[in-house]
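Given only the sequences and the hints, what does the whole structure look like? Please build it.
There are 6 protein chains.
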Amino acid sequence: MPASILVINPNSNTDVTAAMDWALNIYRTDDAPTIVCRTIAEGPAGVESQRDSDLAAPLVSHLIANESDNFDAFVVACYSDPGVRASRELVDKPVFGIAETALTQSIQLGRRPGVISILEAAVERHWAHARSLKLDGFIVADLPIGLRVKDISDEEKASERIVSVGRRLRDEYHAETIILGCAGMARYRGILTSEVGLPVIDPTQAAVGAAIVAIRQDLHASPAPQ
Amino acid sequence: MPASILVINPNSNTDVTAAMDWALNIYRTDDAPTIVCRTIAEGPAGVESQRDSDLAAPLVSHLIANESDNFDAFVVACYSDPGVRASRELVDKPVFGIAETALTQSIQLGRRPGVISILEAAVERHWAHARSLKLDGFIVADLPIGLRVKDISDEEKASERIVSVGRRLRDEYHAETIILGCAGMARYRGILTSEVGLPVIDPTQAAVGAAIVAIRQDLHASPAPQ
Amino acid sequence: MPASILVINPNSNTDVTAAMDWALNIYRTDDAPTIVCRTIAEGPAGVESQRDSDLAAPLVSHLIANESDNFDAFVVACYSDPGVRASRELVDKPVFGIAETALTQSIQLGRRPGVISILEAAVERHWAHARSLKLDGFIVADLPIGLRVKDISDEEKASERIVSVGRRLRDEYHAETIILGCAGMARYRGILTSEVGLPVIDPTQAAVGAAIVAIRQDLHASPAPQ
Amino acid sequence: MPASILVINPNSNTDVTAAMDWALNIYRTDDAPTIVCRTIAEGPAGVESQRDSDLAAPLVSHLIANESDNFDAFVVACYSDPGVRASRELVDKPVFGIAETALTQSIQLGRRPGVISILEAAVERHWAHARSLKLDGFIVADLPIGLRVKDISDEEKASERIVSVGRRLRDEYHAETIILGCAGMARYRGILTSEVGLPVIDPTQAAVGAAIVAIRQDLHASPAPQ
Amino acid sequence: MPASILVINPNSNTDVTAAMDWALNIYRTDDAPTIVCRTIAEGPAGVESQRDSDLAAPLVSHLIANESDNFDAFVVACYSDPGVRASRELVDKPVFGIAETALTQSIQLGRRPGVISILEAAVERHWAHARSLKLDGFIVADLPIGLRVKDISDEEKASERIVSVGRRLRDEYHAETIILGCAGMARYRGILTSEVGLPVIDPTQAAVGAAIVAIRQDLHASPAPQ
Amino acid sequence: MPASILVINPNSNTDVTAAMDWALNIYRTDDAPTIVCRTIAEGPAGVESQRDSDLAAPLVSHLIANESDNFDAFVVACYSDPGVRASRELVDKPVFGIAETALTQSIQLGRRPGVISILEAAVERHWAHARSLKLDGFIVADLPIGLRVKDISDEEKASERIVSVGRRLRDEYHAETIILGCAGMARYRGILTSEVGLPVIDPTQAAVGAAIVAIRQDLHASPAPQ
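Protein chains in written order, with the working numbering: chain A, 2 to 227; chain B, 2 to 227; chain C, 2 to 227; chain D, 2 to 227; chain E, 2 to 227; chain F, 2 to 227.
What the hints contain is simulated information worked out from the structure, not anything from laboratory work. There could be a bad hint or two in this list.
Any copy will do: because identical chains look the same in the list, a pair fits if it lies in one copy or spans two.
[As the list claims (entries may be wrong)] Capping the alpha-carbon separation at 25 Å, the derived lysine to aspartate or glutamate pairs in DMTMM-like fashion look like this: (1) 135 x 177; (2) 151 x 177; (3) 135 x 49; (4) 151 x 90; (5) 135 x 173; (6) 151 x 161; (7) 151 x 125.
This one's a predicted model, so the numbers in the text were calculated from it and none came from an experiment.
Here is the structure:
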């Protein structure tokens with residue numbers, strides 16, 4: 002049986018889940034692990050505050066604990082990484098947060114990231130999270146586009162703002178990669194890459210990629226003889 | 002034509018190249034990128050000092066610049082990451098150093114690594130390198146086994162020492178992963194995993210995995226319209 | 002009408018609530034603010050894991066938001082500070098976490114704290130939390146007594162272990178204060194002070210004291226003319 | 002006999018002492034500790050340089066050592082905290098510096114402070130002091146109003162500048178609290194609060210509040226049985 | 002026989018060597034150590050990239066190892082400090098890098114440096130090097146003049162740009178010293194000092210001065226009885 | 002007229018002054034600056050506490066301000082660097098603290114220092130001072146010999162303890178240089194060097210050497226045309 006990965010969208014917005022599912026097609030080759038995306042129906046409409054993230058966290062770890070035997074790795078597809086730490090307590094398989102993975106992927110490339118956020122309020126939350134990961138020192142800037150999660154699918158409006166913020170990250174802050182700081186921005190990776198000319202990291206792609214590699218490397222903790 | 006990755010062993014020891022080539026079989030599936038391992042014949046016998054690393058660095062970046070059109074990503078398979086920074090100046094494709102990638106992979110797993118080095122002299126070099134990457138704060142300890150690169154293939158002697166150091170990293174320093182701090186230790190990943198019960202990161206596997214993912218994500222820098 | 006402070010025990014253990022209520026008598030003078038302690042009945046039995054803390058967090062911020070008009074300041078009486086950040090988004094009155102306040106009170110005294118934890122598993126969570134507050138650099142050590150929250154009221158067993166760990170913090174780690182790293186340890190402040198001879202900080206006392214002072218100073222955010 | 006706190010103005014300006022005495026009325030309730038403010042007559046006219054601070058330091062610790070038996074806690078009411086560390090060597094009662102306490106009070110509120118200084122020359126001294134406390138990483142900015150200590154009582158001139166700098170700290174530097182970086186600015190707390198809409202910390206109020214709480218908590222070091 | 006110091010210009014530009022030789026006349030007094038400047042003929046034309054620095058490094062350590070018995074101290078006169086660390090492995094006499102020495106000399110003066118670089122590309126290399134030395138936190142800014150090494154001897158063009166960048170470092174970044182971030186800028190120390198009014202550190206002068214002092218102090222490592 | 006340097010012993014112990022004067026003979030060559038050592042008669046008997054350091058500080062800066070026209074550079078020869086920062090405000094000539102200079106000289110050599118202190122109480126003061134200089138991260142350990150300043154001239158007792166602590170710094174803490182953390186230890190540099198086999202830095206020698214070099218480089222701040 003092939004390996005499989007569960008990708009969890011902690012918000013209840015199925016458009017966001019569909020968008021990330023589409024973006025993960027890059028990994029769907031013949032002998033690749035199965036990738037399953039799931040929406041948490043009881044989750045908040047979008048994770049736009051610490052309150053939303055706190056609401057999502059126990060739902061995420063509950064789901065991962067329940068599915069522990071059915072998947073080989075787990076990805077929490079929300080840029081606040083809700084429930085990731087608790088999930089690691091509960092299962093002995095790799096659990097990836099998309100913010101943590103996107104930031105470290107940029108470091109692997111030897112490049113310092115700039116982050117595109119949705120709302121101004123997300124920026125301080127992102128910094129606090131990056132500090133708790135001790136990765137804040139790598140980020141050159143985190144700039145908001147000023148749209149809510151539900152408006153991200155308005156392609157015309159969102160696209161223009163995302164490209165404009167990407168250019169500012171490159172020109173004013175010397176960003177060397179761009180991280181899409183919201184799981185719902187996946188569809189804009191292409192336009193942003195071609196308009197800004199920097200590597201653009203979709204964090205869900207980064208985390209699922211990391212999960213595939215960890216499975217290949219067999220990087221789970223096994224009980225050791227004492 | 003499938004994508005391809007060049008993995009460079011900067012020392013002239015073809016045993017080391019063969020061992021890493023074998024370890025990379027985990028990525029050789031039907032539709033995976035081609036992985037080519039190459040020895041730098043003029044390189045030092047092993048990278049056991051800053052002097053050795055300095056000798057290897059310009060050879061590595063010279064080779065990568067020459068092969069720029071023939072591969073989609075490059076991996077420098079020496080735990081001192083010689084020539085990685087210079088190579089990134091010369092080509093616009095992803096270049097991975099195995100130390101940098103192994104350390105960040107451990108961070109992606111939410112786990113703090115302990116490193117197994119070959120000689121005592123490697124330890125301080127590793128710390129200086131980790132400092133220059135600003136990743137030193139994540140490492141719990143770096144302990145040597147006291148063997149030279151050329152003696153790593155003596156399985157009996159090396160195996161015992163590696164397992165013993167791995168246990169110390171786990172028990173005395175609370176390491177949450179073990180990183181094999183030398184490209185030549187790949188063959189001991191299995192025994193170490195089963196004896197110590199922590200995820201064991203072979204840094205060459207980590208870096209080649211990261212290269213495969215970056216190719217899938219199309220993470221190279223392309224010229225942007227100004 | 003006098004000012005009032007709501008002190009929230011996020012776990013469902015009413016013994017813990019009663020113990021902290023008793024410890025807060027030091028602030029119950031004629032003209033002091035009213036101090037009300039409340040148990041979250043739906044909370045976890047004790048906060049002994051990240052999972053428990055995640056479960057408590059949304060309950061805490063929900064309660065604080067609901068009681069926003071009825072109190073002048075809020076204290077979250079759990080050493081993991083669950084829900085504190087979200088609560089600050091929701092109300093414009095001061096919200097104190099007892100870990101954050103205890104650590105900073107030690108700094109105010111010019112003294113570096115050692116922390117006494119309940120279980121070994123709490124230690125790493127405490128460090129991660131201290132890192133996210135950027136206060137980890139002040140802490141000399143965090144040592145567990147190896148009891149569960151529900152066993153902390155067993156005075157004989159707990160008292161001996163707490164004093165023993167307090168002495169180790171003083172003698173081996175040069176702690177200059179001792180912080181009781183669990184809201185349920187309040188009753189042992191006296192014995193620990195007399196046996197160890199260092200200032201012993203009960204974090205709930207620290208946070209309620211800080212709340213009283215902030216009320217006197219009128220330190221809430223008011224809307225400014227633009 | 003009620004507890005009592007000695008608040009020391011290390012400069013010889015009795016206007017400054019009177020202003021802080023007035024600001025401390027917020028703590029003068031029926032059963033509160035007695036608060037005594039005292040001017041050091043031989044102190045410098047104002048602490049406007051490292052030289053001034055160096056002159057004040059031994060006078061401060063000399064006074065505190067002499068009054069050791071007469072008070073339960075001590076506050077050094079100068080934003081350079083002169084003599085605080087030496088005083089802690091000499092007495093076993095809590096000694097508070099107003100800079101150290103104001104900065105940590107802001108951290109207790111979960112808010113990052115901006116500091117208002119008197120002269121440009123104070124700014125670098127403040128940073129050096131904050132570095133020695135390891136609290137510099139929390140401060141968003143320290144901006145001078147360009148007045149000397151003796152001109153701070155000119156209400157018209159000072160008030161306008163303080164409000165203007167407070168607005169810059171809020172708007173340009175995202176300060177989340179404002180700290181009055183000079184003991185003589187106490188009278189402007191009200192106007193600044195109403196004009197800027199952030200919590201405004203008078204550092205002398207912060208330190209005396211911390212002293213009251215520490216007395217209630219009985220946080221002095223007592224000799225321990227060995 | 003008097004002591005002697007070998008100063009190595011790792012690039013092949015003899016104009017640069019001549020300029021530094023002239024600048025070192027300040028140390029050529031009657032009883033001073035002999036100072037010999039040497040060009041590495043096979044070195045790169047100038048060190049303007051990591052690739053150039055990598056090429057220079059093994060040449061430098063090879064030369065120092067060969068001359069080990071003929072000199073009492075060694076100075077590597079290139080602001081990327083190529084080969085310094087490897088040289089320290091090979092000889093037991095003091096080896097100074099001019100970047101490392103210039104930065105620490107500024108710290109010895111209690112002043113934070115601003116650095117003048119040649120090309121924009123040098124700036125990021127300088128920061129990476131400063132990070133690996135853990136000295137990056139002292140530098141206020143590093144600004145390029147936009148000239149190549151070979152154009153630095155064009156006095157009219159270079160002089161104007163250097164003075165202009167020096168003024169920006171002083172006025173916009175509050176630099177307290179200016180470091181000439183290229184061994185070839187020695188001739189502009191005078192004009193920069195008189196135009197900017199800050200101490201201007203020629204890093205080759207700094208390093209040779211440090212070498213003279215270390216010789217007087219007899220600071221080499223000698224074998225100790227075990 | 003030759004340049005001249007004033008070296009100030011801030012304590013009143015003339016034995017200490019005589020010892021440092023003797024140690025500075027290494028710089029007394031034909032064309033070297035004149036070096037004058039002076040005792041502050043009103044200073045404390047030794048700087049063994051923060052209180053002592055506070056007492057010394059204003060005496061030091063007063064003397065330097067008075068002698069401003071008579072010397073070209075100043076050295077404060079006490080390992081607490083009392084009065085150094087204030088003196089830099091008062092004169093525009095270089096002022097060196099011996100702790101700051103010794104630590105940076107070790108960094109210039111690429112070696113991490115261990116420090117030998119006199120009393121246990123000095124250790125924490127040294128760390129606080131190193132933190133305020135942001136140099137604490139370079140120091141491997143600071144260990145006391147347990148003698149008072151006045152007992153340092155008892156050669157038999159002091160010599161044995163200093164060598165023993167030096168060996169521990171080398172063997173247990175991997176010190177790469179030894180710094181004598183008290184101006185009165187100069188006479189033990191020879192024996193420590195030969196017994197421990199590491200470079201041993203007498204901080205007064207380090208600072209006077211730095212002063213000589215700064216004079217040669219003409220590194221004072223001169224008024225700039227605006």
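Structure-based check of all given hints:
1. For the identical chains of this complex, residue 135 and residue 177 are neighbours both inside a copy (19 Å) and across copies (17 Å), given an alpha-carbon limit of 25 Å.
2. In this assembly of identical chains, the alpha carbons of residue 151 and residue 177 never lie at most 25 Å apart, being 29 Å within a copy and 29 Å across copies at closest.
3. Both within a single protomer and between protomers do residue 135 and residue 49 lie at most 25 Å apart by alpha-carbon distance, with minima of 22 Å and 23 Å respectively.
4. Proximity of residue 151 and residue 90 under a CA criterion of 25 Å is satisfied inter-copy only: 21 Å between copies versus 32 Å inside one chain copy.
5. Taking the shortest Cα distances, residue 135 and residue 173 sit within 25 Å of each other both inside one copy (24 Å) and across copies (23 Å).
6. Within a single copy, residue 151 and residue 161 get their C-alpha atoms as close as 16 Å, which meets the 25 Å cut-off; across copies the closest is 44 Å, which misses it.
7. In this homomeric assembly, residue 151 and residue 125 come within 25 Å of each other (Cα to Cα) only inside a single copy, at 20 Å, whereas the closest approach across copies is 37 Å.
Checked against the numbered hints given earlier, the structure breaks only hint 2 and satisfies all the rest.
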